[in-house]
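S.K.: Please work from the sequences and hints to get the whole structure.
As a plain string of letters, each chain reads:
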Amino acid sequence: MTVTPKPTGGVGMDPVANALSIILMIAIIGAAWILFGWNTLVFKALVAVILGGALVGFGVHFVPVGGAPAAMGQAPGIATGVAMLAAGAGLAGLFGGAFAVPLGLLTSVVAGGIGGALMMAITCLFVTLIYTYGMGIPSASGKVKVDPITGDTQAEYKSQGTEGHGLPFSSFAGGVIGGFLGGFGGTLIYYALLQVYEAKLPTLLSASASAVAPVAVSLAGIFAIGMFLVNAVLAAYNITGTTEGFHDPKFARFPRAIFASLAASAVCGIVAILVAAL
Amino acid sequence: MVENIVIGIGLTAFAGALASVAGAAEDVESDIGSQGDPNSQVQLAPQMGYIHRIFNKAVSGEPPAYGLWVALGAGLAAAFLQVNINPILALALGCAIATLVQGIYATTAYLGRIASLAKFGQPVYIDILKSMTTVTMAHAFIAIFTAVTMCYLMNAALGHPFPLALLGLVWGIALGAAGSATGNPFYGKERQYQNQKFGAGVPVAASGNIVRYAEAGERNSLDNGWFTAKLGGPASGVCFGLIVFLELWRTVLFESFWAGWGAIFVGLILILIFTFIDRYAEVWARETFGPYAKPEGAAK
Amino acid sequence: MTVKIEVKEGGTPHNTIMWAGLLASLVCLYLGAGLNLAFNAYTFSFFGGLAAVCAIVWGSNTIKTLCSYGIGTGVPSTGYTSFGAGVIAMLLASRVSWYLAPIVLVIVAAIIGLILGYLANNVIMMKIPVLIKSTVELVMVGALVLMGLALMTTSSYSLLSMVSTQTSLLGLPVAGHAGSFIGIAIIAVAFILGMIAVQHPFNATLGPSWQQDRMLMLAAEVGFLTMIPVAFMSIAYLSPLAVIVSIVVSVGGWFYTYNQFLCLSKRDAAAWLDAKPIREPEGH
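As they're listed, the protein sequences go chains A, B and C. The first sequence begins at 0 in numbering that gives the first Met the number 0 and counts up one residue at a time. The second sequence begins at 0 in numbering that gives the first Met the number 0 and counts up one residue at a time. The third sequence begins at 0 in numbering that gives the first Met the number 0 and counts up one residue at a time.
Accuracy of the hints is not assured; some may be wrong.
What the hints assert, rightly or not - Partial list, derived from the structure: chain C residues whose beta carbon lies under 7 angstroms from chain B:
1) 18
2) 21
3) 23
4) 33
5) 175
6) 185
7) 187
8) 188
9) 269
10) 271
11) 277
The hints are simulated quantities; they were obtained by calculation from the structure and are not laboratory data. Predicted model only: the values in this text are computed from it and were never measured. Just so you know, even glycine gets a beta-carbon here, dropped at the ideal spot from N, CA and C.
M.R.: Listed below in structure tokens is the structure:
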């Protein structure tokens, strides 16, 4: 038997579910406040993790991914999976951000963001180069008549029988913004968790701070990757796997993903922090 | 100080060169195995009545698959380093075991997918497994070994805080992401659909009608590797090489300026440069290839 | 135009596989940790790998149930959530004593999975009937696989054994945390090994002629295949005897299941040809 086709992911919102997810997030933040106090490292880290998760979830909506049809020039976007392309950019950013951790929070997260944006800029550029100089296909969006940034008309560059192809300039810009948000959010999660583990692990393991530093880095790194994936997949579900970037009508669905990311990051974040803080 | 920077730049260049090789090998490997998005067409063809002899190795998308191979090579190397095995031997051994795992995954993916296509009469060509698996493994070994060596340099020589295996996971996923983004359209459109019009996307109606016959005889995936090694592979290599090189270069050279903001500023400038190149190529394509004939019924 | 994923009825019901997988996985975890403690040995660490195999078999059937509905983002994405949340649940559970840890693991994973499933189903509005239940199961599977692989690598699933090195192969005790399971990020390898392993069986066998027994055999094969490199990595933490036992068990299990999978593929394939030309179907 053939099963129901792809879920279209209705455009509406479920107010009860959204309210519940916000209540859940507030309850977790409140519990952390009561347990640890508001001016503590743990509380601040939890807020940073939630913020980082939401940024990751939001950033995925910008990344132009066309999935399988894009590999045939049937649909615009990058020909790969959305969660994993976002992860590739976000983790490349995390690499740069982790390098810059000794320089402080702001420098580190911005360095992470720029790292992710640079990765996406190079990747998107090569997609355009392959389409232009390898396959002789100009870029054309299938979702909008006019590119919102450059004002180029799109429809007459679309080849017959396709929904568009390549990366119009707005998609390129979206990819860079998405890479920036992903790298920024991922590094923020990493940075916050690293501070918690560096503070708590020495007492937990009764060892010196330098002895547990590799464990703290590893734990924060693997949790940052894990939470990145959770948020990226939730966002990918939200856009049902493909998008053209911020000019895609699906972009309007992002509030749902932000609600979901906030609550999911709160849950995962508190558990990750409790690993060391209990 | 100057010497440190010179060594740093040397390491950066070396890591970039390793990354370029890794990217090129990764893309050719995945194209020989029809991994990633072009896989959907290899999977669809028998359903449309086009029985083929193309290797169909759907382990998962390239990014997670390469995340696994590279992290596995790096993790095994890290474990071997723990028991004081020589680093070069540890890296080579770890990557060899990771390659074996890759090969086994490839065979089960082919057998599983093709056996599940029995309804459409697609037979299992066991000689494909015999002749292609080793070729993909060879390419995979090059990609894994260079990527793991690059991670080892970052960790041991450039002093990145992440341990080897975590770097392997991060850069493996990035490698797969860059390679699939750059290489997939070239294999998917240019090679699988060589019979379609050049300079246009594949019409949805033609889906599944992939090229199955070669210049002489029947096309197999080695022909596809030969084809994509001409542009898709090297382009993926340059793409991933640039990502790694520029990421390290701006950090090593400019992080000491303005308490780290120097590297960020340079990164921003690089992004702007790439944006201009992208815009130039886009406009060039629009002017050179011109608009297509009025696209009636093009949109759904 | 993408390939339609079709569902086949029949075979072992999902709930049977779920309970069998959960129980078998828990039993293996307890056996491994308990016997290691009772005999003060490392030799029984391979039970952790068997726990991972059981969980992977269960998880593959869950993914099949979920993906029958078409989730729009591909089969592998289910594995990402499963392990992204699973690793967090696993490390929290590793804080409690060994006889409580697997139970705590299942409970914590169920709670996280329930919340993630609700968010995906109701906030994101996926509206897939089995989504919440499947997400709960998948987070449990991810956490169980990781705990099993941790047990197999370090001889225990307590946080303490994961963050400290016990002994090296050469008999020189290496003190400290830097070279531990988490310190050199073997956990990242276990993470991605499990992530690919749990989605591979269904991803590699989907199609109109899908057969449950073939997929489950592939799941077992992938599970044993996952054990092989983990056994090699345990060289840094376990005694030579334990490493050899782990390698023998994993290679033996893998060889048997791989052979079985070959036979089942041969059974289901339209034809099994060696160096034969394309057979054009009628009418082409």
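S.K.: Output the indices of the hints that this structure fails to meet, ascending.
M.R.: 1, 2, 3, 4 and 5
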